[in-house]
Amino acid sequence: MTHRPYTPWLFLAPGLAICLMFTIFPFLNMIVLAFTDASALGGGRFTGVDNFVRMAQDPKFWAAARNSLLYMVCVVPPLVLLPLLIAMLAQKVVPGIGIFRTAFFTPVIASTVVVGLIWTWLLDSRGLVNNVVEALGGSRIGFLTDSTLLLISSMVVTVWRGLGYYMVIYLAALANVPKDLHEAAMVDGAGPVRRFWSVTVPSIRPTMVLVAALSAVNGFRVFSEIYLLSGGSGGPGGASTTLVMLIQLTGRGLTGEVGYASALSIVLFVILLGLLLITLRLNRREDRL
Amino acid sequence: MKLALRYVALLAILAISIGPFLWQFATSIKGPGEDVFVPDFIPDDPTFGNYAAVADVVPVWTFALNSLGVASVNVVTNCLGAAMAGYALARLKFRGRRFAAVVFASSILVPFEAIMISLFLVMRGFGLTNTLTGVVLPGAIAALNVLLLRNAFLALPAEVEEAATIDGANAWQRFTRLALPSVKGTLVVVALFSFMFSWDDFLWPLIVLSDQEKYTLTIGLAYLQGTFVQNQRLVAAGTIIAVVPLILLFLLLQKHFFRGVGEGAIKG
Chain E
1 MTHRPYTPWL
11 FLAPGLAICL
21 MFTIFPFLNM
31 IVLAFTDASA
41 LGGGRFTGVD
51 NFVRMAQDPK
61 FWAAARNSLL
71 YMVCVVPPLV
81 LLPLLIAMLA
91 QKVVPGIGIF
101 RTAFFTPVIA
111 STVVVGLIWT
121 WLLDSRGLVN
131 NVVEALGGSR
141 IGFLTDSTLL
151 LISSMVVTVW
161 RGLGYYMVIY
171 LAALANVPKD
181 LHEAAMVDGA
191 GPVRRFWSVT
201 VPSIRPTMVL
211 VAALSAVNGF
221 RVFSEIYLLS
231 GGSGGPGGAS
241 TTLVMLIQLT
251 GRGLTGEVGY
261 ASALSIVLFV
271 ILLGLLLITL
281 RLNRREDRL
Chain C
1 MKLALRYVAL
11 LAILAISIGP
21 FLWQFATSIK
31 GPGEDVFVPD
41 FIPDDPTFGN
51 YAAVADVVPV
61 WTFALNSLGV
71 ASVNVVTNCL
81 GAAMAGYALA
91 RLKFRGRRFA
101 AVVFASSILV
111 PFEAIMISLF
121 LVMRGFGLTN
131 TLTGVVLPGA
141 IAALNVLLLR
151 NAFLALPAEV
161 EEAATIDGAN
171 AWQRFTRLAL
181 PSVKGTLVVV
191 ALFSFMFSWD
201 DFLWPLIVLS
211 DQEKYTLTIG
221 LAYLQGTFVQ
231 NQRLVAAGTI
241 IAVVPLILLF
251 LLLQKHFFRG
261 VGEGAIKG
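Read top to bottom, the protein sequences are chains E and C.
By my numbering, the letter at position 9 of the first sequence is numbered 9, and the numbering carries on one by one without gaps.
By my numbering, the letter at position 244 of the second sequence is numbered 244, and the numbering carries on one by one without gaps.
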């Protein structure tokens, strides 16, 4: 195919400009800033690894890193298993199944902010959930006022919102499981539980690994759920702050410590890159299957 | 019997999935005389007054317009810009193609959360903080969409375009008349998810915007909750305003949503 030598660059110019200016350059700049004491107002001297030394001694950093890690570890198992069970339930074509599938996907459609606000209201000290708790004879629970419960509540919201999304991924995978495998197992007298472990799980294992990786990356990046459920504070005394939220709180505004926030960002980047590379690898492997 | 059990389970999950939305809706139509804390899904005296009242305390319709504007621009720039770049990568031969591919591939690997503070400084350098342009620009042409469209173009047979080249069609004509119409399916997915991503985005507008009249719906709602937490009816009305357009869009274009999830166009 013939074209003038500069033609491809005209096609590429807008996309390249956006990516270079708003992703690659800020990324390189972040690495430089991490070794300075730059503030939001600019300037900043080279301070070597001071920011990283400070980080190692900063209890806020360790608490935030622990919360993010804990978040990731806790949301992955339910997000791998529950959507699979729902997908198996929604897989069989029965009258009205389309309505159910659509309804299960609704939480994915609603934005994180809407979901966060809805759950803030549900989990309020006098909200619907506490009304149910009281009706069952319990006493009101401070879902949003206790730092541990706040983390758990956010995880519940994350899992709730992920159910429909990962269900769709599983539905696609389940559709590719050969029917005769199930039939053969049934002929051999295998019950539903046995068939789940011996036929379904081995056939869709790549998808399960992919869902685990995706939910791990997203779990580690959590921000909105915690921010909204805590009303922007990160919980009592900021005890439920996650790494992304700590970066946002450290770097924002006129008093932002840009240098230190950049150093925190590097740590976040390294962890997420590791998780992302694993995900991409798994994704590619799944494509081949 | 087995079928009945299946329906019981399906209904239980249905209640968990949409129950919270119904509760929010119920709260939003409760009148001022009704106790919002009483778990009553059907108000005694339903009213849509809260939808008007929420506009009196915060400019919620301005927020909605801002969100709509940002999301619409995001759709256009992503579809056009990503298709152009994807086409060049898939169909044109030139020196430096590898360099371009590496820029896009590495952009995908940089998580937004890691560069947001540095990105804010870049925006300030351009004088674009606290503007809607500043909200749109970083995601205007997502590298992921470039690669999605590149793959879509690669999957097309090359013969038609080769024949068009012989007939004297230039690269832009081949792109707009032959290639673009053939990847409509992928374009719809890109458009849909660009819209949704933009409408949902919370963290970046939160960082880059500071004046209330520039707020998008997401940060406007967070602000509404922070300020008027004592009146849940208004917050509920605001959230319903934010969620209804997306639900309508979803109901209209369901199959593309499900396809998009399959192609990994949405990051979850």
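Everything labelled a hint here was simulated from the structure, so no lab data went into it.
Just so you know, not all the hints are guaranteed correct.
[Unchecked claim] Residues from chain E that face chain C, not an exhaustive set, calculated with beta carbons under 10 angstroms:
no. : residue
1   : Leu16
2   : Asp124
3   : Leu136
4   : Gly137
5   : Gly138
6   : Ile141
7   : Gly142
8   : Gly164
9   : Val201
10  : Val217
11  : Ile278
[As the list claims (entries may be wrong)] The calculated lysine-lysine pairs, modelled on DSSO-like cross-linking and capped at a C-alpha distance of 30 angstroms, are:
no. : chain 1 : residue 1 : chain 2 : residue 2
12  : E       : Lys92     : C       : Lys93
13  : C       : Lys255    : C       : Lys184
14  : C       : Lys2      : E       : Lys92
15  : C       : Lys255    : C       : Lys2
16  : E       : Lys179    : E       : Lys60
17  : E       : Lys179    : C       : Lys93
18  : C       : Lys93     : C       : Lys184
19  : C       : Lys2      : E       : Lys179
[Unchecked claim] Over the 12 angstroms line for every Cβ pair with chain C, so calculated as not near, a few chain E residues:
no. : residue
20  : Trp9
21  : Met21
22  : Thr23
23  : Val49
24  : Ala135
25  : Leu149
26  : Arg221
27  : Ile247
As the structure is a computational prediction, the values presented were derived from the model and not from experiment.
Think of the CB as a built atom: it goes at the ideal place given N, C-alpha and C, for glycine as much as any other residue.
- Query: Within a Cα-Cα threshold of 30 angstroms, do C/Lys2 and E/Lys92 meet the stated pairing?
  - Reply: 12 angstroms, holds
- Task: Decide, holds or violated, for the assertion that all CB atoms of chain C are farther than 12 angstroms from the CB of E/Arg221.
- Result: 6 angstroms, violated
- Message: Can you verify the interface hint for E/Asp124: is its Cβ closer than 10 angstroms to any Cβ in chain C?
- Response: 8 angstroms, holds
- Message: Take the shortest C-beta to C-beta distance between E/Val217 and chain C; is it under 10 angstroms?
- Response: Result: holds, 8 angstroms to nearest chain C Cβ.
- Distance rule for E/Ile247, whose beta carbon must clear each one in chain C by more than 12 angstroms: Not fine: 6 angstroms to the nearest Cβ puts E/Ile247 too close to chain C.
- Item | Pairwise hint evaluation, C/Lys184 against C/Lys255, where the allowed Cα distance is 30 angstroms at most | It holds: about 14 angstroms lies between the C-alpha atoms, which stays within 30 angstroms.
- E/Gly137 as an interface hint toward chain C, with CB separation required under 10 angstroms: With a minimum Cβ separation of about 16 angstroms from chain C (threshold 10 angstroms), the hint on E/Gly137 is violated.
- Is it correct that the beta-carbon of E/Thr23 has no partner in chain C closer than or equal to 12 angstroms? 4 angstroms, violated
- Message: Check whether the Cα positions of E/Lys179 and C/Lys93 lie no farther apart than 30 angstroms.
- Response: 45 angstroms, violated
- Item | Status of the E/Leu16 interface restraint (C-beta, 10 angstroms, chain C) | 6 angstroms, holds
- Taking the least C-beta to C-beta distance, is E/Gly142 closer than 10 angstroms to chain C? 16 angstroms, violated
- Message: Please check whether E/Gly164 passes as an interface residue: C-beta within 10 angstroms of a C-beta belonging to chain C.
- Response: 7 angstroms, holds
Checked against the numbered hints above, the structure breaks hints 3, 4, 5, 6, 7, 9, 11, 12, 16, 17, 20, 21, 22, 24, 26 and 27 and satisfies the rest.
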